[in-house]
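Asks: Everything in the sequence shown is counted per the numbering used here, starting at 5 for the first residue and increasing by one.
It is possible that part of the hints are untrue.
Stated by the list, open to error - Label pairs and their computed distance ranges (CB to CB): (1) 7 x 65: 24 to 32 angstroms; (2) 9 x 67: 14 to 22 angstroms; (3) 66 x 15: 21 to 29 angstroms; (4) 16 x 36: 32 to 40 angstroms; (5) 58 x 6: 25 to 33 angstroms; (6) 11 x 65: 34 to 42 angstroms.
Hints are computed from structural coordinates only; laboratory data are not their basis.
Yeah, the Cβ is synthetic: ideal placement off N, Cα and C, and Gly gets one too.
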Amino acid sequence: MDVVFDPPGHTRLSITDDEIVDRAAALQTLAGRRVRLLTYDTGMAMRGRNAGLTVHKLQHSRTDDGK
């Protein structure tokens, strides 16, 4: 696993989902290979697909007590 820091002077986007997708897309370009975005959030999944990321939309599993 590599830890990749934002470039000096990077200003974060005001919408958190947009920032995560933007950084994942930048990492995909840097790595030269597909980056997978795992999320429970439908909006982030749509943003990720629109940015050309491989998206895995996770589902919450229900427990026996219905929670």
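Asks: Hint by hint, note whether the structure agrees.
Replies: Verification of the hints:
1. 7 x 65: 24 to 32 angstroms: holds, 30 angstroms
2. 9 x 67: 14 to 22 angstroms: violated, 38 angstroms
3. 66 x 15: 21 to 29 angstroms: Between residue 66 and residue 15, where Cβ atoms are some 40 angstroms apart, the hint is violated.
4. 16 x 36: 32 to 40 angstroms: Hint violated: Cβ distance 24 angstroms, outside 32 to 40 angstroms.
5. 58 x 6: 25 to 33 angstroms: Between residue 58 and residue 6, where Cβ atoms are some 18 angstroms apart, the hint is violated.
6. 11 x 65: 34 to 42 angstroms: holds, 38 angstroms
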